[in-house]
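Colleague: The lines below spell out each chain.
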Amino acid sequence: MQAGKATRPFFSLRSIGLFLHDRRWLIAAFVIGAVLYVVPPPDGLSREGQLVLIVSLVAVILFVTEPVPLPSVALMIIIAQITLLGLDSSKVARSLMSDSVLFIMGSLMLAVAIVKQKLDKRIAYLIVRATGTGIYPICVGISFVCGVLASIIGEHTVAAMMLPVAITLVTLTSDNPKEVKGLAAVLLFSISYGCAIGGIGTPSGGARNAIMISYWKDFFFDPTNPETRRFLVDYVTWIKFAYPVFLAQLPLVTLILFAVFKPERKTLRRAVAKLRKQIEVRGPMTGRDWAAVGIFLATLVGWVTMSESVGLGTIALIGAVLFLIVGLVPWNDMNTGVNWGVVWLYAATISLGVEMQESGAAEWVATSFLDLLGPMNMDQGMPLLAAYTGLTTLVTNTMSAGAAVAVLGPIALRTAEIAGEDPLYLGFITAISSSFAYFTAAAHPAFTIVYASGYLKAADFFKVGWRMAIMSAVVLLIAAKFYWPLLGLS
Amino acid sequence: MGLGAPLSRAPFWRGMAGFLRQRMWLFIAFAVGSVLYALPVPDGLTREGQIILIMVIVAVILFVTEPVPLPAVALMIIAGQVILLGKQSSDVARSLMSDSVLFIMGSLMLAVGIIKQKLDKRLAYLIVRVTGTGLFQVSMGITVVCGVLSSVIGGHTVAAMMLPVALTLITLTKEHTKKISGLAAVLLLSIAYGCAIGSIGTPSGGARNAIMIGYWEEFFFNADHPSTYKYLVSYLDWMKFAYPVFLLQLPFVTWILFTAFKPEHKTLRRAVAKLRKQIEAQGPIKGSDWAAIFIFLLILAGWITLSDVLGLGIVAILGSALFLIVGLVRWNDMNSGVNWGVVLIYAATISLGVEMKDSGAAEWLAVSFLDLLKPWHLDSGLPLWAAYTALTTLVANTMSAGAAVAVLGPVTLHTAELVGESPLALGYITAISTSFAYFTAAAQPAFAIIYASGYLRTRDFLKVGWRMGILSASVLLLAAKFYWPLLGV
Amino acid sequence: MLEDEFDSDLQDNLGSRFQILVCIDGSDESYSGLRYAVRMGADNSADLTLLYVRPVDQGLRSGGLQMRVARENMLKWGVQLPGTKALTKGRDMLVEMGFMADDWKEQVVHTDVTGDPLGDNTTVYKNDEGACISLKLLVSPRVDRGILDECEVGNYDITIISMSETDEAKSHAGYISPATTFAVATQHRGTVLVARELEEDHGHFMCVDFTEKAIQSAVKDAQIASRCHCPVFLYSVAATEDELETAKSVVARAKAAIEAEGLSIAGQSTGVGDPVECIVGKGRNYSLIVLADSSVKGLRRFFTTSVAYEVLQKAANSVMIVR
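Chains as they are written, first to last, in the numbering used here: chain A, 1 to 490; chain B, 1 to 489; chain C, 1 to 323.
Once the Cα atoms are required to be at most 30 Å apart in a straight line, the calculated BS3-like pairs of lysine-lysine come out as:
| id | chain 1 | residue 1 | chain 2 | residue 2 |
| --- | --- | --- | --- | --- |
| 1 | C | LYS85 | B | LYS463 |
| 2 | B | LYS274 | C | LYS76 |
| 3 | B | LYS266 | B | LYS463 |
Part of the chain B face toward chain A, derived, beta carbon under 8 Å:
| id | residue |
| --- | --- |
| 4 | PHE19 |
| 5 | LEU26 |
| 6 | PRO71 |
| 7 | ALA72 |
| 8 | ILE83 |
| 9 | ALA93 |
| 10 | ILE325 |
| 11 | GLY341 |
Hints listed in this document are in silico derivations from the structure and should not be mistaken for laboratory results. Where is the CB? At the ideal position from N, CA and C, for every residue including glycine.
Chain A with its partners taken away, still in its complex shape (with noise of 0.2 Å):
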C-alpha cells in the first residue's frame, strides 16, 4: 500500500508528476468510465444497466492494477451507486450486508482466535507431517485437503479455516514477507484454489449446484413423463459428473503456481523444524486450547447442520462470540487481526451484484453476447459449450457464482433447448464454470480471505487466474467431451 505519502509535499512539479504517475489507472479508470458515461445506452440496455456496467468495469480495473488501496475501490463502489444511480443511501447501506458478508466478518475473527490460541500450528503440523517437507506435496496436499473439504461443507469455511495455516508455514520461514512473496503466493493460492476447484464437487458445495439442480428440475422435470426423471439429479450423480473434473484439476493447479510465482525455497525443512519445536515447547493440549477447539467444532457442526435454517453468518458470529465471551481472545486482537476493508471490499461487490441483476445488465450481456457468436457458427455444440464457459466465467468474476448462476442457468438451459442441446450437458458447463471467479481478489469468498492476509497484491490474482481459467475450462471441455458422454450424456 502507499505507504510514506503523507509525509511527501507536493508543491513542485515533479512531486506531482509522481503523484499522478502512481495513480495512472486510477485516472484512466476514470477517464474509461467517463468515457462509456457519455456514449447513449445501447439497444436492450437500459440507462441504469449502462450505468452498473460502468461501475463494474472501472471496479474491475483497480481491483486488478490497485492504484489506491481496495478499501477505498470498495468505499467507491458504495458512492457510485448513490450518487450516478441516485439509490436511497439507506437502501444501498442495506443492500451491503446480508448472510454471507456476515460470515466472511465472523470467520475472519474466527481465524484470529484459532491464531492467537496457535491452533493454526497444530493443524499444519498434522498436513506436513502426512506431505512431507517439499513444498510441491505441502501445496497438494493443502489444495487436496481443501478441496475435499470445500466439496462438503462450502468453500467460504475451508478459506476461513486453513488461512492461518499457511500464514504459519510462511512466517516460520522468513519474518520478512519479501523474501517469502513467491512462497506466501504459491501457499495461499493453494488454499483459495483448493476450495474454488473443489466447491464444486457436490451439490452442498455452493448455492450455484443447488440453484442450478431446482432450475433442472423446475423447468424439465413433468410427473407425467418418466422421460424426464433424469432431471432429477441427485447427490451421487453430481459427484459422478464432477468429482472427476476437480481431481483432474487438483495437481494442475499446484504445476501453474510454481510456474507463475517461483518460490524462493524448494523445502520447508526448516519451518517444519521450527514449527516442531514449538508444539513441543508449548507442550500437551492446555484447557484453553481445549476449550477453542471445543468452540471451532462446534461451529463447524453449526456450519454443516443448522446453516439452512439460521445462516452461515449467525454461526460464525455466534462462534465468535463464544471466543469472546471465554475470553480466549480480546476484542482488541480481533479488531485489529481482521482486516474490515476486505470486508467491505466484498460487500460493495455483493452489493453490485444485487444491482446488476436487477438492473437486466447481466441479462444484456448475456444475450448479446450469445448474438455474437451466431455469425460464427458457435451456436451448438463443442463450441457453443466453449462458448458458455468463456461467458459464465466472465459473469461470474463481477458478482457471486450464486447471482451468477440464478442470471446464466435460465438462458443457458433455454440455449439449450433451441440449439436441441441436453440441458444437462450446459447446466453442469454453467454451474461448474461459475466457480471460476479467479481474477480478482473480491471475485470469490475463498480469494477475498486470503487477501485479507495482506501477503498478496490485487494484481497476483490476475496474473495467476487468467492462466487458471484457461486451464480449467480446458479439463472442464474435455471431460464434457470425452467422459460425460460415458455416463450416458448424448
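Following the hints, position chains B and C against chain A.
Modeller: This is chains B and C only, laid out in the frame that chain A set:
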C-alpha cells in the same frame, strides 16, 4: 499477525473460579432474560415485542456491567434476532445497515485521517497567536476551537487531536506536574468540555445526532404526505435548533472551570513561548496539509449542501475515500485506528431500535412510562421534557450515548406522539441531553481520551460535571421553551 | 517469533538468585513497595523486576476511535505515555538509593502487541556480577491478568503489589485497584506481599497454625526476613482457652523448625479468640502480617473463605501470603 502477551499456562480449573466471578453479570443477565422469556406476555404487548424487550434488557445489563467485550454483545443481538425471532439471517443482516451506520463508519475513518495530519500544531499556533499568554484566554481559546471543530467532526476526533497541545503546555510550564494540578485540570478539561458541548451542534457532531435523524425519517416520514416533510431534517435545520444551545453554553465553561479549580499560575508566558518556537521549527504549511484542509472543507460543504439528497453517511464515506486515494493516510492506520466493534454496536442497537418500533414494544414502553409519570403530572409540556432530559442523562452516563439514543429514541418518539407533542422537540431533547454525560471519566468519548492521558483524576470530572450538568440542562430547557417555538415547533 | 526467544531468555535468567517482582502503578504506595524490595535485595543479591501493566485501550469508551490514535499523536508530540513515566521514576529511585549504578549494561526487548503503538517493552539492566534489573511495560486486556501472566512465566520468589486507593494513583491507566490486588493475591501460586502503608523496621508478624504447611511457610518467611534483617515474631491463635496449649506447642514447633535452619526469631506469643480479629488487631504494630495460604483451591474457593483472605481484606497494614 503479531502475538500478544504470553498466556497464562495455569491449568484450566484454576482459573475457573475467577472466570465465573468475572462473568457473573453475564449469567445474571441471561438468568433474568430466561425468567422473563418464560413469563406470559403482558397486556398490550405481542410475543415478538416481549422478546425484543427482553433482548433490550439483557443488552442494557451487559452494556452497563460489561462482563464481556461490548462488541460480543452486539454480535449476540444479531444472533438473537435470528434465533429467538426466527428471522432470515440475510434480512437481519440488511437491517443492520442504514445511512446512520455508514455515517458512523465513515466519520471514524475520517477521524483517523484527520488526526494523522499535522493540523493540530497549526491549530495550537493559531490559538496562542490569537489569545496571547493569559491562562484564562488560552483555555477559552481551546474551548472555542474544540467546540467549533467537534460540532463538525465529533468530540473524539478533536480530543485526540488537541490532547497533546494541552499536555505540551502543561509539561512546558513545569516538569513536576503534581505541583500544577489545578492548571493541568483547567487546560485538559477545556478540551473535554469544549468537545462535549460542541458535539451537539450539527448532525455530524456525533453518532447520536445521525441516529436521531435516521429515526425521524424512518418512523414519521411518508413520501405521500407533504405534511411529514418536516421530519426530513437537513443539516442546516439541525444547526438552527442546536447550534444556539451550544453557543450559549460556551462562555460559561471557562468560568466554571476556573471556579472549580484554582490554577496555580495565571499566565503561561514561558510555555507559550516555547510552544511557538517548537511549532515554528516545523516550517511553513505544506502541500499535503493544504490537501487535508481542502478535503475537510469539501466534506463540510458536502454535509451542509448535499446531506439531505445523498445522506450524511455517503459524504463521510466520500471524505475517507478521498483521504485514502490522495494517500494522506494508509489503510492500515484506518483499519487499526477505528474500533470496528463500535460500528457493530451501533448497527446492532439501531436495528434493535427499529425492531422495537415495528414490534410495538416501543409504544408499550412509552405508554407504561407515561402511566408512571402521570401521578406526578409530569406527562406533558415542559415537565415531560425535563423528565426525559433527566432520564436520558442518567442512561447516557451509564452507557454509551449513541447506544442510549438508539434504544431510547423509539420510546421517546412514541411518547411524543401519544401525548400530542411534536416528535421533533422531544427528539432534539433526547439527542442533545445524551451529551450531558459529564459525571464519569468514561461517560464521553472525549473524556475517555483525555482521562487516558493520566493527568486527571476521576474526581475532577465529577467536580465540574455537576455544575456543567445543571448549566447545560437549564440552557437546553430554556431554548426548548422560548427559542424553538420561534422556529415553528 | 520474538516471543519465543523471549521465553528462552527468561529461562536463562532463572538462576539461583532471589527473584523479586514489584508491581508499579505510579502511586506512592507502589514505590514504598519498591523500597522494601531494595532492602530485601540488599548487597545486590537479588534480581528486581519492575512491572507496569497497561490495560489495552478498548476504544469503546472513546466512541470508536481507538485510543492508540490519540497515543500515537502524543508520541508524535514527544509527550511521555503514563506507563513509561512511572517506570522511569522507579529506575531513578533505584539509582538514587544506590541499588543500581548508571553504568549498568542496558538491553531493550520489544514485542509488538497488536492494537497498541507501544507493545510490550522490557529494558534489562545488568552489571558485571550478573545482577539484573528489568523494567517491564506489559500490555494486557486487564491489569490483574497481566500481572498474573507475568508471575506465571517469571517464577518469582516474591511478588510485591500495593493496595492503595488514593486519587493520585487512580489517574494512572495501569492503576492497581484493590480488586486487582486481591485477585493477584488469591490467584497467584507464589508468595505475595501486599504493601499497604508499608513501614520498614517493625518486623514480621508470622502467624502459624497446626498444619505442616504453616510450619514450612514460617521457615520460608524467616529466610525472607533474614534477607532484610527483619525480626520475626511468631504468633498463634486458639479459638478457646482449652486449645491454648496446642497453640503454644505449634509456636514451639515452628520455632524449632526455624532454628534448625540456622535462623532465629525475635519473639513469640499466643492469643485466644476469633483468629481474624486477633491477627488483625495484634498485627497492627508490625511491618508485615505473614500468613500461610491455608486456602482450598479451585471451585471450593467459592464457598469457603480462608483466614488468610479475610485478614488480607481487614488488615490495615501490609500482609504477606506465603506459598
